[in-house]
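Novice: Each chain, letter by letter, is given below.
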Amino acid sequence: MSAPTKTYSAKSSGNHGITEPAPVRWILTAIALGFLALFLFVPLAAVFSQAFEKGLSVYLTALKDQDTVAAIKLTLLVAVVAVPLNLVFGVAASWAIAKFSFPGKNLLISLIDLPFSVSPVISGLIYVLIFGRQGWLGPWLEVHDIKIIFAAPGIILATIFVTFPFIARELIPLMESQGRDEEEAAMVLGASGLQTFFRVTLPNIKWGIIYGVILCNARAMGEFGAVSVVSGHIRGTTNTVPLQVEILYNEYNYTAAFAVASLLAFLALVTLMVKTIAEWKVQRQLKEQ
Amino acid sequence: MALSNKNNVLPGFGPTMGYTLLYLSLIVLLPLSALTFKTAGLSWHDFVATVSAPRVLASYKITFGAALAAASINAVFGVLVAWVLVRYHFPGRKVVDSLVDLPFALPTAVAGITLATVYSANGWIGRHLEAHGIKVAFTPLGIIVAMTFIGLPFVVRTVQPVIEELDTEIEEASACLGANRWQTFRRVLFPLLTPSVLTGFALAFARAVGEYGSIIFIAGNIPMVSEITPLLIITKLEQYDYQGATAIATVMLVASFIMLLFINLLQKWSRRYAD
Numbered sequence: 516m517s518a519p520t521k522t523y524s525a526k527s528s529g530n531h532g533i534t535e536p537a538p539v540r541w542i543l544t545a546i547a548l549g550f551l552a553l554f555l556f557v558p559l560a561a562v563f564s565q566a567f568e569k570g571l572s573v574y575l576t577a578l579k580d581q582d583t584v585a586a587i588k589l590t591l592l593v594a595v596v597a598v599p600l601n602l603v604f605g606v607a608a609s610w611a612i613a614k615f616s617f618p619g620k621n622l623l624i625s626l627i628d629l630p631f632s633v634s635p636v637i638s639g640l641i642y643v644l645i646f647g648r649q650g651w652l653g654p655w656l657e658v659h660d661i662k663i664i665f666a667a668p669g670i671i672l673a674t675i676f677v678t679f680p681f682i683a684r685e686l687i688p689l690m691e692s693q694g695r696d697e698e699e700a701a702m703v704l705g706a707s708g709l710q711t712f713f714r715v716t717l718p719n720i721k722w723g724i725i726y727g728v729i730l731c732n733a734r735a736m737g738e739f740g741a742v743s744v745v746s747g748h749i750r751g752t753t754n755t756v757p758l759q760v761e762i763l764y765n766e767y768n769y770t771a772a773f774a775v776a777s778l779l780a781f782l783a784l785v786t787l788m789v790k791t792i793a794e795w796k797v798q799r800q801l802k803e804q
Numbered sequence: 003m004a005l006s007n008k009n010n011v012l013p014g015f016g017p018t019m020g021y022t023l024l025y026l027s028l029i030v031l032l033p034l035s036a037l038t039f040k041t042a043g044l045s046w047h048d049f050v051a052t053v054s055a056p057r058v059l060a061s062y063k064i065t066f067g068a069a070l071a072a073a074s075i076n077a078v079f080g081v082l083v084a085w086v087l088v089r090y091h092f093p094g095r096k097v098v099d100s101l102v103d104l105p106f107a108l109p110t111a112v113a114g115i116t117l118a119t120v121y122s123a124n125g126w127i128g129r130h131l132e133a134h135g136i137k138v139a140f141t142p143l144g145i146i147v148a149m150t151f152i153g154l155p156f157v158v159r160t161v162q163p164v165i166e167e168l169d170t171e172i173e174e175a176s177a178c179l180g181a182n183r184w185q186t187f188r189r190v191l192f193p194l195l196t197p198s199v200l201t202g203f204a205l206a207f208a209r210a211v212g213e214y215g216s217i218i219f220i221a222g223n224i225p226m227v228s229e230i231t232p233l234l235i236i237t238k239l240e241q242y243d244y245q246g247a248t249a250i251a252t253v254m255l256v257a258s259f260i261m262l263l264f265i266n267l268l269q270k271w272s273r274r275y276a277d
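Chain order of the listed sequences is Y and Z. According to this note's numbering, the residues represented by the first sequence are 516 to 804, in order. According to this note's numbering, the residues represented by the second sequence are 3 to 277, in order.
A couple of the hints might just be wrong.
[Claimed, not checked] DSSO-like, lysine-lysine: derived pairs with alpha carbons at most 27 angstroms apart: (1) Y:Lys-802 with Z:Lys-96; (2) Y:Lys-721 with Z:Lys-96; (3) Y:Lys-721 with Y:Lys-790; (4) Y:Lys-802 with Z:Lys-270; (5) Z:Lys-270 with Y:Lys-620; (6) Y:Lys-796 with Z:Lys-96; (7) Y:Lys-790 with Z:Lys-96; (8) Y:Lys-721 with Y:Lys-802; (9) Y:Lys-579 with Y:Lys-569; (10) Y:Lys-790 with Y:Lys-802.
For the record, the hints were derived by calculation from the structure and aren't laboratory data.
Please work from the sequences and hints to get the whole structure.
Specialist: Encoded structure:
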């Protein structure tokens, strides 16, 4: 850590009234970074350090484990289904909400945000109550030999629930701020509805979509609580990557647990990078308007 | 933004709105109502007996108490981090700024096992705390650490834009009027930041109360001591006690709706404050 070199507001050195004395600035920066180190930096570094503790070959062996590969495949499947479904919903919802006025708009936005305020454990539980053996549709599903809970469909449903708001809540404010002038101009000039959407709206919300999709994907691949309730933890069949991490960890197989966890940590870092770029692009776009 | 539909030439309101409502009902509203119906099937007496059993009451105390402690830690340090990130320049500031969102992006299970390892008696940080007789992992203190981790971005991200928007002229005015820097912060800046700090605090608290993945690895999960309510729901489910799980989940859900309502009011208040 090094000392701060200049301050945001003090443009000349004589501006003592509106910034803190240098020693105070150093101390505050040190405390802030120390706090972040204790809760963010050190734990993040520990993931990779633990993963590679016994060398690269042990790391790679852990990743090649049959059950781990099956978990990776299931996680990819879950994300491939859940993210596009929420993307279509996000675009449709933001089009209806941002481009039109109707009564109850605020209520609708609150309802879309609802999954964020529900505990992940409850998000899984509600699907067990519908599709589980004692649930509403349980007996019917059993007769027809359809498995939803303790199988991939339940995991996918729970994941769709917890990642439901991500894309819509990125797009709604972005499209609202852009108004509908450009689309109206396109329509007046004779473009069809779909042409207007793909040629005018889509380029405008491109970075908002990327931002929403990357956050949605990170949560879809990393969800633990909700998936843990509906998965049944069957090795090699209904374990996603986060559940595989839990199993390995609880078996005291720490190196393997952290090796698999490092994949998710790497995904998180990539997510943050894309998020930073997308945020910057969206802000620049908003400034240009 | 006031939009009128009168002269709106844009197509697609019907299909997009219809799809939105259908998808919302199927994925969110219908499943959530299953919880309500299942609870309604319980007699009032059974419901109260389940949700006020000593072990359940202890889990509320642990969950809400730890969430309160974690949100308070985040309120203090979140303001400091936001202030340092906006006002001071130091090498690596942009990277630090991006990493603040790590708890949003890092899967909770990964956070859980790494926090448990780092804060265990021979871990990188736990080792030094252990030397002073402080045990974190597998104690209620561990729950607070995990909840602080997952709530960290909320206060920073709600306060940061407010600090960015602050007009430095009022700080200059305060200084010209003879206030020292601390007086300016306490009397001028702090009141301006209060609504956003409270909003961030409430968001961090609400998130911590429902959290499961990052906590169970570090908590120790001893009934009556370090067992959080979401874990209790899972325990009941694993014992095929669906009624018990549903009853406790309903209490949690009602609590989170009350918090949601409170957060909405806070946000309205801070918007009015900003105008």
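Novice: Each hint should be assessed against the structure and marked as holding or not.
Specialist: Hint check:
{"no.": "1", "hint": "Y:Lys-802 with Z:Lys-96", "result": "holds (20 angstroms)"}
{"no.": "2", "hint": "Y:Lys-721 with Z:Lys-96", "result": "holds (24 angstroms)"}
{"no.": "3", "hint": "Y:Lys-721 with Y:Lys-790", "result": "holds (13 angstroms)"}
{"no.": "4", "hint": "Y:Lys-802 with Z:Lys-270", "result": "holds (25 angstroms)"}
{"no.": "5", "hint": "Z:Lys-270 with Y:Lys-620", "result": "holds (16 angstroms)"}
{"no.": "6", "hint": "Y:Lys-796 with Z:Lys-96", "result": "holds (15 angstroms)"}
{"no.": "7", "hint": "Y:Lys-790 with Z:Lys-96", "result": "holds (13 angstroms)"}
{"no.": "8", "hint": "Y:Lys-721 with Y:Lys-802", "result": "holds (16 angstroms)"}
{"no.": "9", "hint": "Y:Lys-579 with Y:Lys-569", "result": "holds (16 angstroms)"}
{"no.": "10", "hint": "Y:Lys-790 with Y:Lys-802", "result": "holds (18 angstroms)"}
Figure legend: structure checked against the earlier numbered hints; every hint is met.
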